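Position 127, counted from 1, in the sequence shown is what our numbering calls 121; the numbers after and before it change by one each time, with no gaps.
The set of hints was computed from the structure by calculation and includes no laboratory data. All of these numbers come straight from a predicted model, not from anything done at the bench. What you were told as hints is all true, and nothing was included just to trick you.
Subject to a maximum C-alpha distance of 30 Å in a straight line, what follows is the list of computed DSS-like cross-link-like pairs (lysine-lysine):
id, residue 1, residue 2
1, Lys187, Lys153
2, Lys180, Lys113
3, Lys46, Lys187
4, Lys216, Lys46
5, Lys187, Lys113
6, Lys152, Lys180
7, Lys64, Lys216
8, Lys64, Lys46
9, Lys152, Lys64
10, Lys113, Lys64
11, Lys187, Lys216
12, Lys113, Lys152
Between beta-carbon pairs, the in silico distance windows are:
id, residue 1, residue 2, range
13, Glu176, Phe221, 22 to 32 Å
14, Thr78, Val208, 28 to 38 Å
15, Tyr145, Val20, 46 to 56 Å
16, Phe221, Lys153, 19 to 29 Å
17, Glu146, Lys187, 17 to 27 Å
18, Glu176, Glu199, 32 to 42 Å
19, Ala147, Asp56, 35 to 45 Å
20, Ser81, His162, 21 to 31 Å
21, His151, Phe221, 19 to 29 Å
22, Gly26, Arg60, 15 to 25 Å
23, Ile40, Gly173, 41 to 51 Å
24, Tyr145, Arg166, 18 to 28 Å
All residues carry an ideal CB built from backbone N, CA and C; glycine is no exception.
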Amino acid sequence: MMQPPPQMQPPGGPLGRASAHEGDRVDPFMSGDHYGPVLEPFLVRIVGAQIKVNPLLQPVPDEADRPYLKWNMLFPSSNCQRSTDPSHISWVEGRHEPATFPRVSSLQIVSDGFPWMVKVEARRPETGVTCGDVIDRLSGSMNTLSSGADYEALPPHKKRLIAEAYQHNRSRAHGVPGGMLEVGMKRLDFLGKDTIFGGIVNDEEYLTRHAGVVLPCTFVLKCLRRFAMTAEEIRDHEARQRAAAAQDTRRATVTTDSDDDDDDT
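Based on the sequences and whatever the hints tell you, model everything.
Laid out in structure tokens, this is it:
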């Protein structure tokens, strides 16, 4: 008696992000512009959407069961690291993932660490704000010169802490940019010693307490205390700095060559 042929198993698909699919459910934080609509902030309120933050941007978990970002905000976003990467590697994986679900066209960030609001707009409207957009915009904001009004509005003890941070951030100590910051108080000086990115959270109680109203698509940045670097951390940091400088040099060379070609035409 003939036996039926064995049932063929479907071939396995390519390996990707482990959480990309669970059964028929698509990971809401997958990269790309075809996984749901991009909402304007006012629509978020109208439809009553519950915004979730990408786990990569959330505070460090109590248990190391998911990746998170490690970044001293005194330095450019090219110094940001993913916790699962080797310590000398700059963050790449997850940069293009949406920062929120549902995706939004823009969001705002506030914090106890500074008195202003940072607005983050999507580089690509069809994709919405990405994790990379958030970190790059925070970095750009931190490297902006602060206004005298922001400083003068602070109480005396806070002014003293910021003045001390200003001097330390431009010193030759490890873990600070030093002279590359140049003269002039920047927003990053307002962080004092709390310069470590601690994640962003959706905290309506905080917003109500500090702003009197819950603004749509507004999140709170946690700033953590910076501690002295170990010898290994110093070596890794210097390696990342060299890699970032080399990348900037290559980018500048490509731009210059492109300009020269345009001049020749």
